[in-house]
Amino acid sequence: MPIVRRSVLAQLAAAPVLLAAGRLRAQARAVKVGAVLPFSGGLELFGEQARLGLELAAAEINAKGGILGRPVEILFEDDKTDPKTAVEKASRLVTRDEVVAIFGPITSSNRDAMAPTMARARTPLLYATNYEGGACGRYLFVFNTVPNQELAKLLPYLFKNKGQSFYFFGADYVWPQKMFQHAEKIVAALGGKVLGRELTPFGVKEFAPVIRRIEASGAKVLLFALPGADGITFIRQAEDLGLLKKLTVGFLGFSEAYLGAFGPGKGQDMYVAVPFVASSEATGPREFVARIRARAGRDAVVSHYVMTHWLALTAMARALEKVGRIDREAVVEGLEGLTVEAPTGPVTIGAKDHHVTLAMFLARTQGDQLVTVEALGPIAPESGCA
Amino acid sequence: MLADLALVLLDTANRVLTLLLVALGLAVTFGLMGIVNLAHGEFFLLGAYAHVALERLGLGFWWGLLLAPVFVGAAGWILEVVVIRRIQDRPLDSLVATWGVGLAIKQAVVLLFGPASHTVAPPFATTVAIAGTSYPVYRLFVMALALAATGLTILLLLRTPFGLMVRGTVADRGLAAATGLPVRRLDALAFAYGSALAGLAGAATAPLMSVDPQMGVGFLLPAFLSVLVAPASGAFGTVVGAAVVGGSESLAATVVSPVVAQLLVLAGAVLLLRLAAGRRYGRER
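Residue numbers (the working numbering), protein chains in the order written: chain A, 1 to 386; chain B, 387 to 671.
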């Protein structure tokens, strides 16, 4: 993006008469993509993570000469964590800016709100957040995990090493509900017991009653799906009231973005399965983290959301190069069945279900880091799409 | 069984007193002065972040707890002078204006501190054995602080010349002004005091939860409910209001899921307001 602006400015300085023509040419040349992400309204943290990944991907694509010789330009829009705004921003990107694809959003409610608009406009939506599955369509691609990819190896590990009785606790919306449905099947197949299953509205600040009930159930593993600040509050209180000494937490949706939120020495030994671990010693992730931090600063948090959004834009560039054409249909044609090299190994996009098979890692919180326990290898998605 | 019951009572008392601490500021600004300040949740938020900032500056926990209310009180004073006094006779406008101020504060916090969660470590991590469990001492401290703040507020309003003047201003503004009371200054001071209480609540409860830009929202509704269902305006009534709202929520949550508990509390509050509203407003007019 800066490159394009600068070239326009250079032309402006050299020959003011050519300004209009120059700008037109620059606009015609750039491959425009949209990004509808939350930069205010509650989920800023994830919006910023996604932005880091997309910007790195764009910079790398442009440094190598762009897509079929044309630079890529990302137009970021703030959806304010609100579905209506997300749809408005998406429509504007599609009609006014004529983007070839849109990246984002973060929440399922925003994605479900945007999907019909995107399908009607025949513009691909490249979604890179872990979610509950079941979002299907020609113009929808998913670059992060669905429930089975997070749970298939996590639950057997916890069952074998931490205990055979489970308690499910999460927020009262679609993602935890679908997660728990899936988890129930896996626990039953393992021969374990689910001693309780409970949901909570957002915004609850006092969890003592729930914590007592979980403790009284005697469960050895708490499968936990309460994202964001409420999740942090629960874990802090569970720690204070002694619950974490009595069981092990499988923290669904955990990522590096949560680190440091529990206070030093708190929130230890919690488990999650993720497609990327920033503290990994392997060459791919190590270099990826270094590339992000070279741009965003030494202390930049790098979670799997950075990697999956980088992956989405990188895959789109490969797809267009493969097809040899730059338009919206070319994105769809190119992405179907494509294999891209990610920092964690090859990622394959399903030709039919538009979801990704990617390497997964079992990780746990230790000290002030999320560390790899075990590389789980590639896991195929059960996307719920034909 | 007895130990279980004691534990439930302990948790409920904790919830009630924490809520009381948050609602106390509203009891002054809303209950007594009649100003609907939708930025109250953000004043609570400011208190918590002031605490975070002061700790970063190297001041310890106790200085943070002491200075955060002063800072938030000053912010309340500015809000009163700049915004609220100009729209005093237009309650609907004050609703929109304070909501806007709340949004601005929240976004300013995001810009200054980032969207991520912060932590304030409690000054003591010790626990004591009560009711067959080890209970964090800091929770007991917050409960004691809530009681102390409530006692002081009652004393301030009922037993000091300042309290008398504030109550006089609320009771009959024209007469109070005619007798030479500085009504505008009293308004600003009383509002600043209510805001400082919100700041104190934020600073004191910060170690119990995630400190993030959205933290004020979760307390705004139950705090307003506590003041609304209170049988009388002022600090005394709010003690009862907080006990009703916080107690029913906490007790309900021990037997049913938090979703149902919240629904029960809201339904109960609606019912209570419907049944009691006539009586209450009838008396006041």
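Hints may contain errors.
[Stated by the list, open to error] Taking CB as the label site, the calculated pair distances span:
(1) 264(A) <-> 456(B): 24 to 34 Å
(2) 369(A) <-> 442(B): 44 to 54 Å
(3) 422(B) <-> 369(A): 15 to 25 Å
[What the hints assert, rightly or not] Footprint (simulated), chain A over chain B, 3 or more residues, beta carbon under 8 Å:
(4) 438 to 446
(5) 463 to 477
(6) 634 to 642
[Claimed, not checked] Facing chain A, according to a computed beta carbon distance under 8 Å, are these residues of chain B, among others:
(7) 400
(8) 404
(9) 493
(10) 494
(11) 496
(12) 503
(13) 505
(14) 557
(15) 558
(16) 594
(17) 596
(18) 645
(19) 657
(20) 658
Since the hints were derived computationally from the structure, they do not count as laboratory data.
Cβ atoms here follow ideal geometry from the backbone N, Cα and C, with glycine treated the same way.
Check the following: the C-beta atoms of residue 369(A) and residue 442(B) are separated by a distance inside 44 to 54 Å.
Hint violated: Cβ distance 22 Å, outside 44 to 54 Å.
Agreement of hint residue 657(B) with chain A interface, Cβ distance less than 8 Å:
Since the shortest Cβ distance to chain A is 20 Å, the answer is violated.
Has the hinted range 24 to 34 Å been met by the Cβ atoms of residue 264(A) and residue 456(B)?
28 Å Cβ-Cβ, so the 24 to 34 Å window holds.
Just to make sure I understand the rule, a stretch counts as covered if three or more of its residues have a C-beta closer than 8 Å to a C-beta of the chain. Does the segment 634 to 642 of chain B meet that for chain A?
Our answer is that it holds, as 3 residues pass the Cβ test (under 8 Å) against chain A, meeting three.
Restraint check, 8 Å cut-off on beta carbons, for residue 558(B) near chain A
violated, 39 Å
Taking the least C-beta to C-beta distance, is residue 494(B) closer than 8 Å to chain A?
violated, 12 Å
Take the shortest C-beta to C-beta distance between residue 496(B) and chain A; is it under 8 Å?
holds, 6 Å
Verdict on chain A covering the segment 463 to 477 of chain B, where coverage means 3 or more residues with a C-beta closer than 8 Å:
violated (count 0)
Does the closest beta carbon of chain A sit nearer than 8 Å to the beta carbon of residue 404(B)?
holds, 7 Å
Per the CB criterion, is residue 645(B) less than 8 Å away from chain A?
Holds: closest Cβ of chain A sits about 5 Å from residue 645(B), inside 8 Å.
Cut-off 8 Å, beta-carbon criterion: hint that residue 557(B) touches chain A
Given a least distance of 35 Å, the restraint on residue 557(B) is violated.
Holds or violated: the hint that residue 658(B) contacts chain A, with Cβ atoms closer than 8 Å.
violated, 21 Å
Hints 2, 3, 4, 5, 10, 14, 15, 19, 20 from the list above are not met by this structure, while the remaining hints are.
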